[in-house]
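Asker: Sequence:
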Amino acid sequence: EPSPSMCRVLREAAAEFNVLNVDVVEAGWLDAQVDRADVAICAHVVYVIQDIDAFVRKLSEHAGQVLVIMFQGPPQSQVYLLWERVYGVPRLPLPSLPEFLEVLKQLGVEPTVDVVHTEPNRGFESLEVATEQIARRLYVTPDSPEMERLEALLPEVLEEKEGYFTIKGAVQLEPRVVSWRTGA
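Just remember that the working numbering sits 1267 ahead of the position in the sequence shown, which is counted from 1.
Treat the hints as calculated values from the structure; they're not laboratory data.
Nothing here was measured: the structure is a model prediction, and the numbers come from that model.
Don't be surprised by glycine CBs; every beta carbon is placed ideally from N, CA and C.
Heads up, some of the hints might be wrong.
Taking CB as the label site, the calculated pair distances span [unchecked claim]:
{"id": "1", "residue 1": "Ala1310", "residue 2": "Lys1428", "range": "27 to 35 angstroms"}
{"id": "2", "residue 1": "His1384", "residue 2": "Glu1427", "range": "21 to 29 angstroms"}
{"id": "3", "residue 1": "Cys1274", "residue 2": "His1384", "range": "24 to 32 angstroms"}
{"id": "4", "residue 1": "Val1383", "residue 2": "Pro1412", "range": "36 to 44 angstroms"}
With these hints in hand, go ahead and build the complete structure from the sequences.
Answerer: Set out below in structure tokens:
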């Protein structure tokens, strides 16, 4: 993990739950010097990996089994349509499960894909919370022209159900576990 703060959080969580078999390597995966492991787990990282072929090859070379956790669609895809209406340009989607499976196919990897069923997201507790959280996801700052456009847009794109606000037509993202055994 290249992020010192993420490494700190992982170490703290491991200590809190008395997990003793986790080694944290403070480096990006392609630069990390690591021994072979029984299992390699990647959670929500492949969306932004530029050299995905090298990333997958190194995983397969260093673990007997690889587990990659990712969504079936791009993270934050629920707000992509809002992005275009706030900024005037389409949001380029991050690659997600379909693109990753195509990479694995090209590399000759035949994975298993399992769905992790989660509780449906209830939505935002109020219009104010929706505005704050959606603005953060869209990188909109207070008192900006983008915030004015977002605030004008939200009543049109949000719907209230049972006291919670949701984005109309937003697809619920559920994690998938993509796994394969290697020859390593």
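Asker: Now tell me if each hint is right for this structure.
Answerer: Against the structure, the hints:
Checked against the hint of 27 to 35 angstroms, the C-beta distance between Ala1310 and Lys1428 comes to roughly 30 angstroms, which is consistent with it. Take His1384 and Glu1427: their Cβ atoms lie about 25 angstroms apart, and the range 21 to 29 angstroms holds. The beta-carbon spacing between Cys1274 and His1384, approximately 30 angstroms, falls within the hinted interval of 24 to 32 angstroms. Under the hint 36 to 44 angstroms, the C-beta atoms of Val1383 and Pro1412, about 39 angstroms apart, fit the expected range.
Consistency with the previously given hints is maintained throughout, with no hint failing.
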